[in-house]
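Number of protein chains: 2
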Amino acid sequence: MNAARQLHLGAFMRPVSLHTGAWRYPGAYPDANFSFARLKSFALKLEAAKFDAFFMADHLAVLNMPIEALRRSHTVTSFEPFTLLSALAAVTERIGLVATASTTFDQPYHVARRFASLDHISAGRAGWNIVTTSNPDAARNFGLDEHVEHGERYARAREFFDVVTGLWDSFADDAFIRDAESGIFFDPERLHVLDHTGPELKVRGPLNIARPPQGWPVIVQAGQSEPGRQLAAETAEVVFCSPRDLSAGKALYADIKGRLAAVGRAPDSLKILPAAFVVIGDTVEEARARRLRLDSLVHYDSAIASLSIALGHDASGFDPDAPLPPIPETNDSKTGRAQVLKLAEEERLTVRQLAQRYGGYAGLAFVGTVDTVADEMAAWLEEKGSDGFNVVFPYLPQGLDDVAERLVPELQRRGLFRTDYAGQTLRDHLGLSRPKNRFFE
Amino acid sequence: MNAARQLHLGAFMRPVSLHTGAWRYPGAYPDANFSFARLKSFALKLEAAKFDAFFMADHLAVLNMPIEALRRSHTVTSFEPFTLLSALAAVTERIGLVATASTTFDQPYHVARRFASLDHISAGRAGWNIVTTSNPDAARNFGLDEHVEHGERYARAREFFDVVTGLWDSFADDAFIRDAESGIFFDPERLHVLDHTGPELKVRGPLNIARPPQGWPVIVQAGQSEPGRQLAAETAEVVFCSPRDLSAGKALYADIKGRLAAVGRAPDSLKILPAAFVVIGDTVEEARARRLRLDSLVHYDSAIASLSIALGHDASGFDPDAPLPPIPETNDSKTGRAQVLKLAEEERLTVRQLAQRYGGYAGLAFVGTVDTVADEMAAWLEEKGSDGFNVVFPYLPQGLDDVAERLVPELQRRGLFRTDYAGQTLRDHLGLSRPKNRFFE
Ligand SMILES: Cc1cc2nc3c(=O)[nH]c(=O)nc-3n(C[C@H](O)[C@H](O)[C@H](O)COP(=O)(O)O)c2cc1C
Ligand SMILES: Cc1cc2nc3c(=O)[nH]c(=O)nc-3n(C[C@H](O)[C@H](O)[C@H](O)COP(=O)(O)O)c2cc1C
Chain A
1 MNAARQLHLG
11 AFMRPVSLHT
21 GAWRYPGAYP
31 DANFSFARLK
41 SFALKLEAAK
51 FDAFFMADHL
61 AVLNMPIEAL
71 RRSHTVTSFE
81 PFTLLSALAA
91 VTERIGLVAT
101 ASTTFDQPYH
111 VARRFASLDH
121 ISAGRAGWNI
131 VTTSNPDAAR
141 NFGLDEHVEH
151 GERYARAREF
161 FDVVTGLWDS
171 FADDAFIRDA
181 ESGIFFDPER
191 LHVLDHTGPE
201 LKVRGPLNIA
211 RPPQGWPVIV
221 QAGQSEPGRQ
231 LAAETAEVVF
241 CSPRDLSAGK
251 ALYADIKGRL
261 AAVGRAPDSL
271 KILPAAFVVI
281 GDTVEEARAR
291 RLRLDSLVHY
301 DSAIASLSIA
311 LGHDASGFDP
321 DAPLPPIPET
331 NDSKTGRAQV
341 LKLAEEERLT
351 VRQLAQRYGG
361 YAGLAFVGTV
371 DTVADEMAAW
381 LEEKGSDGFN
391 VVFPYLPQGL
401 DDVAERLVPE
411 LQRRGLFRTD
421 YAGQTLRDHL
431 GLSRPKNRFF
441 E
Chain B
1 MNAARQLHLG
11 AFMRPVSLHT
21 GAWRYPGAYP
31 DANFSFARLK
41 SFALKLEAAK
51 FDAFFMADHL
61 AVLNMPIEAL
71 RRSHTVTSFE
81 PFTLLSALAA
91 VTERIGLVAT
101 ASTTFDQPYH
111 VARRFASLDH
121 ISAGRAGWNI
131 VTTSNPDAAR
141 NFGLDEHVEH
151 GERYARAREF
161 FDVVTGLWDS
171 FADDAFIRDA
181 ESGIFFDPER
191 LHVLDHTGPE
201 LKVRGPLNIA
211 RPPQGWPVIV
221 QAGQSEPGRQ
231 LAAETAEVVF
241 CSPRDLSAGK
251 ALYADIKGRL
261 AAVGRAPDSL
271 KILPAAFVVI
281 GDTVEEARAR
291 RLRLDSLVHY
301 DSAIASLSIA
311 LGHDASGFDP
321 DAPLPPIPET
331 NDSKTGRAQV
341 LKLAEEERLT
351 VRQLAQRYGG
361 YAGLAFVGTV
371 DTVADEMAAW
381 LEEKGSDGFN
391 VVFPYLPQGL
401 DDVAERLVPE
411 LQRRGLFRTD
421 YAGQTLRDHL
431 GLSRPKNRFF
441 E
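Heads up: the protein sequence lines correspond to chains A and B, in order.
According to the UniProt record's numbering, the first sequence holds residues 1 to 441 in order.
According to the UniProt record's numbering, the second sequence holds residues 1 to 441 in order.
None of these hints come from the bench; they were simulated from the model.
Each residue gets a CB set at the ideal place from its N, CA and C atoms; glycine is no exception.
Some hints here could point you the wrong way.
Unchecked claim - Covered, in the sense of this in silico footprint (three residues per stretch, anywhere, with C-beta under 8 Å from a C-beta of chain B), are these stretches of chain A:
no. : stretch
1   : 100–109
2   : 115–127
Claimed, not checked - 30 Å max Cα-Cα, derived DSS-like pairs, lysine-lysine:
no. : chain 1 : residue 1 : chain 2 : residue 2
3   : B       : K334      : B       : K384
4   : A       : K40       : B       : K50
5   : A       : K45       : B       : K40
6   : A       : K50       : B       : K40
Chain A on its own, in the form it takes in the complex (with noise of 0.2 Å):
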């Protein structure tokens, strides 16, 4: 019989939280998102509460946007994934690690050998979201002038990965004999040399780090677009996304899901987790209060401008202590229109309040007590919307001690997620197989 099926949580933590006024929520520490010291707090109780995985996004610039939101953003300091993740892995023991890498602006050798090492260093925690980097700024960082195509991008990523991969493979499992006696250290027959050649990428090998634990670190992809769901379907074994409720979240599990049989892969062998941002209260209005005043602290004028952007239609002569006035319909914004029209309309919003909703954080949201959240995560898992959540923190420490030590123990309480790590690896914890080594028995 087969156990009943577990949520998977990951935590993403760069920015600790996604949420731009989260630094000036009482009690929250300014400097968390660039401070080692709250970092290693906060990956501690992540693994007290028993998550799969602590995850940093990355991005290869500062973040393009106006000035006056710019300087309001606790996003323009922080610290390079590799490093940040390998000074965690010394001072944790069970919680999976993951990494963001450009396949755009990397090269697979440094790749590949940067997760390789994180996997023997963390003894088997390492994974890799693969991204193909959409923020444009990035390609001026790199030499460009402009960004490389989309189409381009994704063509070079799923090569990238082969080489990658196929760099991990470089020894066999059993290569290494350390024989001291007869001085063998190990057989070269159990070496293999890459020699790739691809339209996009030339990489000889043989990777200079023995195979990773876990066979390969796990693979995560976060792309949306038809070429990103592909990518997934082929290569992901964790999908992050970001759906903005349930019914369009069982529209995207289905799609990715659905895309494994053509590619001969077994639906269980990919995990898709929804970024979710989950604000707990001893009551569903303590929540909501929690979450308007976590909003006030959006600046006014960073917020009109994302709500302007969310209606296609300019809000910012409108006034901002009363409710959304009537604004016709355009062709340009259908489905944005509609949402902020129901958001509007569900909690009662003024102007100002919609606003700095679109300008703090306005993707899927958990916002209630345990119990309701816990029947939130439970439907999720039930209709098939997700395999669990990549949790967005709304302040830290108060928004994370609330998930780890009331949330998590009422989904254990339920049974939807486990009382203790199973095993060692993050491949243990997501239920993943390691990889055959596709050179060497």
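Please arrange chain B with the ligands on chain A, whose structure you already have, making use of the hints.
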């Protein structure tokens, strides 16, 4: 009054011993070069001994050597420097962490960011060993068929240094206000966009990380050619080098320090640390016997090839267990031949022993008691052969323990080495000042 000059000591840690037979020495850990637990214990011992720095050499390929040598080589699997040093940063407090990064096969935005991140995570203990990468096999792992030409490598290195240091200066030290009350995170007036366009590189900036605690991580350089020395004079704060003996050391020291005035630098702003292989015994005879024992672990096939190269003459037909036969002088390798003959005479070595010396480690070596080795180190310091050493351990843990627990106390007793760290950063340990930000007061 100035304090008496003291030695600076680095530890050459990749591979843990450069000696090819080290992993076979009695008591050695055959997996030490690739075991985080071992490397952590070494770093802690070196820190307890107040070493300036732990140095990770690096190579972007499996080292090119004949397969008979390669299969006996403990270099074939190693950690990537940033992942290893970041992990060590989390478990050490004072020792400097010097990583090697290539200017030929990496991107300045990546390099600037990773060193800045390591410097922040370690609270000011990072150093960058700038290499242009001489191993031609590396080129083939990065899309090229042939190695980049030497002069072009150094031209790129010089420009690369300007870009990396310019990126480190992206933010003024006081740029981050983090005022939760007003919501201002940083002052855009204290942010500089580099906008570099040069013959080799085009990089916009700014870097997405605050200026490193040390201003810039310590700049290390190890090139020996004319452009290598000039790059050192213009940019380096530490030079790693490998003079064969004190007279060569003095010439190199005078040459490099002599170049500083022309570029407007004080002699003391650059420290010269030759690699030194240190073998300690209770008596000089015991130390020599240990070295012979270690050399005897080098396989004869690779040993004799190394000797032939040093002699400029095929030695494979010689009787291994007899003294070196007379060898006709050639024009090809006058110095090499003279050095071999001198060594054969001084230490009365057989062909086999000579070969194993060249196949093991043939560079500068101090072999003796703590007293004789301290005398030699003192002479180098006194006679301006060096400002200290980058110690190569013959075998580990024993050879490292002998230095950390026996030689260092003797150096301390003589006032030649610190008895405790006086400051927090690697710059403090080395007596180097913090560079000014070129864009901000
Ligand atoms: C949860 C989540 C996390 C993401 N993290 C990153 C990241 O760290 N770095 C990055 O460059 N892009 C990141 N992305 C963006 C995706 O990689 C991708 O560029 C984006 O979803 C657009 O899809 P497309 O590239 O297929 O058009 C993330 C996306 C999602 C949904
Ligand atoms: C002590 C020492 C350490 C070195 N470490 C490295 C290293 O880690 N990686 C590397 O590619 N080269 C290393 N080198 C080689 C130098 O960077 C340089 O390529 C070599 O000395 C030849 O000099 P040249 O490039 O100026 O001709 C080292 C050299 C010395 C003396």
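How the hints compare with the structure:
no.: 1; hint: 100–109; in the structure: holds (count 4)
no.: 2; hint: 115–127; in the structure: holds (count 5)
no.: 3; hint: K334(B) <-> K384(B); in the structure: holds (27 Å)
no.: 4; hint: K40(A) <-> K50(B); in the structure: holds (26 Å)
no.: 5; hint: K45(A) <-> K40(B); in the structure: holds (24 Å)
no.: 6; hint: K50(A) <-> K40(B); in the structure: holds (26 Å)
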